[in-house]
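Engineer: Each chain is listed here by its residues.
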Amino acid sequence: MPSELVLAIFLLPFFSFAIISFIIRPFFNHRPLLSWYVTIAAIGTSLVLSIWALIAVSGAPHHVLEMPNYEWVAIGDTVIYVGVTVDALAAAMLIVVTVVSLMVQIYSRGYMKGDGGLCRYFAFMSLFTGSMLGLVLADNLLFLFLFWEGVGLCSYLLIGFWYHKPEAARAAMKAFLVTRLGDFGFLAAILLLYTKTGTFDIGELQNLALAGAIGSTALTWAAIGIFSGAVGKSAQFPLHTWLPDAMEGPTPVSALIHAATMVAAGVYLVARMFPVFVSSTTAITTVAIIGGFTAIFAASMGLVMNDIKRVLAYSTISQLGYMMLGLGAVGVGVSSGAISLEAGLALGVAVGIFHLFTHAFFKSLLFLGAGSVSHATETFDMREMGGLRKAMPWTFIMFVIASLSLAGIWPLAGFWSKEGILAESLHYVPVLFYLAIITVFMTAFYMFRVIFLTFGGEYRGQAHGNHGLHESPLVMLLPMGVLTVLAVVAGFLGVNEFLGGESHSFFGALTHSLAWTSLIWAAGGIFLAYAIYGAKWLSAASLRQRFAPIYTLLSRKYWFDELYERLFLMRFLIDGFFAVLHWFDDHIIDGAVNGIAGGTVAAGSVVRKLETGQLQAYGLAIFIGILVIVAFVFIFN
Amino acid sequence: MAIGLEHFLILSAVLFAIGLYGVLAKRNVVVILMSIEIMLSAVNIAMVAFSRYGQFITGQVFVIFIMVVAAAEAAVGLALIIAIYRRRKTVDADKFDLMKW
Numbered sequence: 001m002p003s004e005l006v007l008a009i010f011l012l013p014f015f016s017f018a019i020i021s022f023i024i025r026p027f028f029n030h031r032p033l034l035s036w037y038v039t040i041a042a043i044g045t046s047l048v049l050s051i052w053a054l055i056a057v058s059g060a061p062h063h064v065l066e067m068p069n070y071e072w073v074a075i076g077d078t079v080i081y082v083g084v085t086v087d088a089l090a091a092a093m094l095i096v097v098t099v100v101s102l103m104v105q106i107y108s109r110g111y112m113k114g115d116g117g118l119c120r121y122f123a124f125m126s127l128f129t130g131s132m133l134g135l136v137l138a139d140n141l142l143f144l145f146l147f148w149e150g151v152g153l154c155s156y157l158l159i160g161f162w163y164h165k166p167e168a169a170r171a172a173m174k175a176f177l178v179t180r181l182g183d184f185g186f187l188a189a190i191l192l193l194y195t196k197t198g199t200f201d202i203g204e205l206q207n208l209a210l211a212g213a214i215g216s217t218a219l220t221w222a223a224i225g226i227f228s229g230a231v232g233k234s235a236q237f238p239l240h241t242w243l244p245d246a247m248e249g250p251t252p253v254s255a256l257i258h259a260a261t262m263v264a265a266g267v268y269l270v271a272r273m274f275p276v277f278v279s280s281t282t283a284i285t286t287v288a289i290i291g292g293f294t295a296i297f298a299a300s301m302g303l304v305m306n307d308i309k310r311v312l313a314y315s316t317i318s319q320l321g322y323m324m325l326g327l328g329a330v331g332v333g334v335s336s337g338a339i340s341l342e343a344g345l346a347l348g349v350a351v352g353i354f355h356l357f358t359h360a361f362f363k364s365l366l367f368l369g370a371g372s373v374s375h376a377t378e379t380f381d382m383r384e385m386g387g388l389r390k391a392m393p394w395t396f397i398m399f400v401i402a403s404l405s406l407a408g409i410w411p412l413a414g415f416w417s418k419e420g421i422l423a424e425s426l427h428y429v430p431v432l433f434y435l436a437i438i439t440v441f442m443t444a445f446y447m448f449r450v451i452f453l454t455f456g457g458e459y460r461g462q463a464h465g466n467h468g469l470h471e472s473p474l475v476m477l478l479p480m481g482v483l484t485v486l487a488v489v490a491g492f493l494g495v496n497e498f499l500g501g502e503s504h505s506f507f508g509a510l511t512h513s514l515a516w517t518s519l520i521w522a523a524g525g526i527f528l529a530y531a532i533y534g535a536k537w538l539s540a541a542s543l544r545q546r547f548a549p550i551y552t553l554l555s556r557k558y559w560f561d562e563l564y565e566r567l568f569l570m571r572f573l574i575d576g577f578f579a580v581l582h583w584f585d586d587h588i589i590d591g592a593v594n595g596i597a598g599g600t601v602a603a604g605s606v607v608r609k610l611e612t613g614q615l616q617a618y619g620l621a622i623f624i625g626i627l628v629i630v631a632f633v634f635i636f637n
Numbered sequence: 001m002a003i004g005l006e007h008f009l010i011l012s013a014v015l016f017a018i019g020l021y022g023v024l025a026k027r028n029v030v031v032i033l034m035s036i037e038i039m040l041s042a043v044n045i046a047m048v049a050f051s052r053y054g055q056f057i058t059g060q061v062f063v064i065f066i067m068v069v070a071a072a073e074a075a076v077g078l079a080l081i082i083a084i085y086r087r088r089k090t091v092d093a094d095k096f097d098l099m100k101w
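Same order as they appear, the protein sequences are chains A and B.
FYI, this note's numbering numbers position 43 of the first sequence as 43, with every residue one higher than the one before it.
FYI, this note's numbering numbers position 72 of the second sequence as 72, with every residue one higher than the one before it.
Chain A extracted, bound-state conformation (with noise of 0.2 angstroms):
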């Protein structure tokens, strides 16, 4: 495959971004809709380039394409070289990414339908698609960062996208500002590594990591940093909070961005340097254990909000953490020995990418069937829907496969995965293992709620009777069943045989026992929603009151939100820090000028006594100076 056809793969969406900005926006602004056949095209063709590169891939000696460099950068004596490369992991992102995205963008013609700036969100959708796509395929860690950053900001745009709502501008800057805190930790280091080794190279760096050419406590720091800015863009614990607030985007941008894509950045970086992780015992299990504690901690919110989206968006933190957990189990077999480095370098970060392959298609599903149903009632809050499968079968219909295949329904794509990263955890770290499998069933429960109280029972909204509702259009639906059918078969297409992991047989995988136990505890998280929310055996609101602190506690989000708000930021930081800081600003910077002045004012009206405006005074000085200059010649020449 040729290489400029694999830089056209990121390079088209940049191009698409640039003739909506630059042409359609200004000259056509009256037909936005030419934006969105220039995004299709762009995505569309990127699509197309990304399967070539799929199947150049695996057609080439170990999964790899070589792909020229192009020097970016000479500092001196200094070149920094950037360039793509395309292995097994990259073209199985370029897949996730390409199709994902199309799906949104056709999708959002119908979702976006009559919104003043439909310029602007393909222009900046555009613009996310192509970073995303440089970001994976990017061969060397600046440049990755370069995109990294991209993305980011897209996700601030996007997200404030109704930048009229203070509560969306507001979760922007928030998002904005929280990833950037753990991106510090990944541009430290980046410069880390390039001081320890020269290279931004990613290849060299994973070698060089293998080999033990980098020091282990410099290993260790640079594998933390990079894991912070994981952190951060995947919204793991502690950087998790801006997630959730991120909902305010448009619907479309949440199942791209914030479910599918680069949320997942974090756990690709994380894939793409495994090698540096795993040669690191401290930064492997670290990932390991923030994976898994995060799979539990944000499922465990996820049980109790009533905001539909909200709910995916703590299914989506829960589930970046148990591809975490995948990485990290595996990555802790390696550095115990308990699995030789070749097998487990492979197996890692096929057990992590897969789940981010099947997760991608059935939870930007599942965002793109809120978005449907929010469509039809006008709200996100589930209180004010109900009864709505009568009126939307279709969206309940792909909504429950996709719960299920999030659930971890065989043979849905999401058994598949999960199951893998279920047996890695119980291989290697057993403790993981039991976290993991607790929210297996909150999982199925927290899924089950939503589709009990969206579409079960009786419509409740205020809003517009059940006249009112309705299917959405063919250009929403179609998307969906796309993605749908993706949701369903993502598990068996082998994609996990192609990025290195083990293969299971069809029914083979119904054979194991922890297959069952997954299983069972989803059908039993699946069964105690119905038994709340949909035969209402169990009354919720009495239940709500039993167990009130753990509801408030959940509800209230542990309290992440004040803690840094109140605490760190209002009382730590402002009135801590930066209050030292104005203090040093006030005091020692301006008393430092102040002080300069005033000494000069000071001296100046000691010194002007000195002039008595007397000439023959000023003569007197003047001879005088005079005699001790020639004195001075005549003693010193």
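Bear in mind the hints are in silico, worked out from the structure with no lab data behind them.
Please read all numbers here as calculations on a predicted model, not as lab measurements.
The reader is advised that the hints may include incorrect statements.
[Claimed, not checked] In silico contact screen, one side only, chain A against chain B (beta carbon under 8 angstroms); selected entries:
# : residue
1 : T379
2 : T612
3 : G613
4 : L615
5 : Q616
6 : G619
7 : L620
8 : F623
Where is the CB? At the ideal position from N, CA and C, for every residue including glycine.
For chain A, the structure is supplied; the task is to place chain B on it using the hints.
Structural biologist: Using the frame of chain A, we list chain B on its own:
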């Protein structure tokens, strides 16, 4: 005793010192102006002496210039003194402290 260069220079230095003393010590502005003229004359004597003994004509040419300038300076200086006297009713240099802060 032959009159040599050093005698002229001593005369010049003495005249210059007298003039300088007058400029720095006298109160009356007219006297100060006269003292300045004395200092100029001292310089002229030194110039002519060097010119005579050193065989350079330049010194004598410059003396002519200096005398012209001195005459003009005396005229301007006296005019200024008259102007100041009209305003301040005094020619005492100590009273001229307008440049004081």
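Engineer: If a hint holds in the structure, say so; if it does not, say that too.
Structural biologist: Comparing the hints with the structure gives:
Taking 8 angstroms as the C-beta contact cut-off toward chain B, the hint placing A:T379 at the interface is violated, the least distance being around 78 angstroms. For the restraint placing A:T612 at the interface with chain B, the shortest Cβ-Cβ distance is roughly 6 angstroms, inside the 8 angstroms limit, so the hint holds. The beta carbon of A:G613 comes within 3 angstroms of a beta carbon in chain B, closer than 8 angstroms, and the hint placing it at the interface holds. Interface restraint check: A:L615 against chain B, minimum CB-CB distance 7 angstroms, threshold 8 angstroms, status holds.
Proximity of A:Q616 to chain B holds as hinted, the smallest CB-CB distance being about 5 angstroms (cut-off 8 angstroms). Checking A:G619 against chain B: minimum C-beta separation of about 6 angstroms stays under 8 angstroms; hint holds. The interface hint given for A:L620 is met, as the beta carbon of that residue sits about 5 angstroms from the closest beta carbon of chain B, less than 8 angstroms. Checking A:F623 against chain B by beta carbon gives a least distance of about 7 angstroms; that is within 8 angstroms, so the hint holds.
Comparing the model with each earlier hint shows a violation of hint 1 alone; every other hint is respected.
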